[in-house]
Amino acid sequence: MVLPESLKFIGSTLSWTLRAGCLAHLIHEYVYEFTETRGESMLPTLQAQNDYVHAFKKHRLGRDLNIGDCIVAIKPSDPEHRVCKRITGMPGDMILVDPSSSSPLTNSHNECISNDGFNKYIRVPEGHVWVTGDNLCHSLDSRSYSVLPMALIRGKIVAANSLNKGFRNPETGKFWFWNLRWIENSFVSEKI
Amino acid sequence: MPSFSQLPIGIRTTIVTLTWFPVLYTFTNHIYQPFQINGMSMSPTFNPNTSNTSKDIVLVQKFNVKKPGSLNKGDIILFHSPLDPEKLVTKRIQGMQGETINTQSPPYPRPEARIPRNHLWVEGDNAFHSIDSNSFGAISQALVVGKVIGVIWPLARFGVDLS
Numbered sequence: 001m002v003l004p005e006s007l008k009f010i011g012s013t014l015s016w017t018l019r020a021g022c023l024a025h026l027i028h029e030y031v032y033e034f035t036e037t038r039g040e041s042m043l044p045t046l047q048a049q050n051d052y053v054h055a056f057k058k059h060r061l062g063r064d065l066n067i068g069d070c071i072v073a074i075k076p077s078d079p080e081h082r083v084c085k086r087i088t089g090m091p092g093d094m095i096l097v098d099p100s101s102s103s104p105l106t107n108s109h110n111e112c113i114s115n116d117g118f119n120k121y122i123r124v125p126e127g128h129v130w131v132t133g134d135n136l137c138h139s140l141d142s143r144s145y146s147v148l149p150m151a152l153i154r155g156k157i158v159a160a161n162s163l164n165k166g167f168r169n170p171e172t173g174k175f176w177f178w179n180l181r182w183i184e185n186s187f188v189s190e191k192i
Numbered sequence: 001m002p003s004f005s006q007l008p009i010g011i012r013t014t015i016v017t018l019t020w021f022p023v024l025y026t027f028t029n030h031i032y033q034p035f036q037i038n039g040m041s042m043s044p045t046f047n048p049n050t051s052n053t054s055k056d057i058v059l060v061q062k063f064n065v066k067k068p069g070s071l072n073k074g075d076i077i078l079f080h081s082p083l084d085p086e087k088l089v090t091k092r093i094q095g096m097q098g099e100t101i102n103t104q105s106p107p108y109p110r111p112e113a114r115i116p117r118n119h120l121w122v123e124g125d126n127a128f129h130s131i132d133s134n135s136f137g138a139i140s141q142a143l144v145v146g147k148v149i150g151v152i153w154p155l156a157r158f159g160v161d162l163s
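Residue numbers (UniProt numbering), protein chains in the order written: chain S, 1 to 192; chain E, 1 to 163.
Worth double-checking, as some hints may not be accurate.
[Unchecked claim] So, partial list: chain E residues that the calculated Cβ filter (under 10 Å) puts toward chain S: (1) Arg12; (2) Asn29; (3) Gln33; (4) Met40; (5) Lys62; (6) Phe63; (7) Pro82; (8) His119; (9) Ala142; (10) Ile149.
No lab work stands behind these hints: they were computed from the structure.
All C-beta atoms, glycine included, are put in the ideal place defined by N, C-alpha and C.
Could you put together the complete structure from these sequences and hints?
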C-alpha cells in the first residue's frame, strides 16, 4: 500500500514535533529552566510578582549544593506546588528552629506557650536540608514543614529577571536586560 | 558541505535513530518503566528466593502518582529514599495522610505516629530486613517516583498477585 503524499507529510511533521518536544522537555528537566516565581517569601532577592528565574538543573536532587544557595524544590506538604528558598542548614548542622515565635516581646503569653516547640535545636538528618525564605516574616518554610528531603530539590537559581522592568533602566538609561541580576550564595562564614 | 540526503545511508540511519532517544527517555520518565528490584526488604512479594541471587524486574507506572489521592493503602511504590536522594526504594503504603499508625518502636521513637498532610507511611513486606518509615518517618508524596503494577521478569512469576 502506498500512502498519499499529504498523509506522509502530516505523519512526518507529527513525528518530528514529538521528537523535538521530548528533547525540549529533557533539557527543561535536566539542564536549564526559566520560570516565573511568585510570592513575598524571597523579598528582597526576588520580587513578589513578575520575576522569572534561571535555574540550573544539574543541581537537582541536592547535588553539589551548599549552605547559602538559592534552590527550587517541590513543597513536601503539597507535591503540586514548588517553592523557592535558600538553604540555611546542611545535613548534620544544628538548627535553632524559630525562637522569635515564642518570644514574649512579640507574642502573647498563650502564644509563647503554644509555640514553645519552635524554641529548640534540631539536627538536620542525612539527606535533608534546612530551607528558609529571605523574608522570614512572610515565608512558609522549614520552620513549619521541617527539614526538606534533598530529593525534592529541582535546581539551583543562578539569576533572575524582572520582566516588568524593561530593556533599559528608566533612571540611568543603561541596558539592564529586564533587570538581569545574578543570585549568589549569601553565606558568610564567621571567623572565630 | 554535503546535504543530509548525500550522507551515507548508515550515518543517516544512526542520526534518525538518535532522534528517538529523547522520546524513549521521556516515556520511561513519565509513563512506564521497567525497574530491577535489589535487596530483600520486599520479600516474599519481590525477590522471594533465598537460594539464588536472581532479581525481579517490575513494571512501574510513572503517571498520576503525585497528585493527592492518586495512591491507595496497599499500593507498592517506588520513591527516593529520604536519607539518600540518589537511591530509589520500593515499599508498601501502610498509612495515608491523617491516620494514626502503630509504629515499630524501636527504631521509631514513639509507639504511635500521626501522618502529616500529603505524606505516606511506607513499610517493607519483610519487616526484619527493611529500612522504612519506622526509621525515617512518614515520607512526602512528592518523593514518590512511581507505582509498581506488576512483575514482568522472571516469566514464571509474570503478573503475580502483589496484594
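Return the numbers of the hints above that this structure violates; sort them in rising order.
Structure breaks hints 1, 3, 4, 5, 6, 10.
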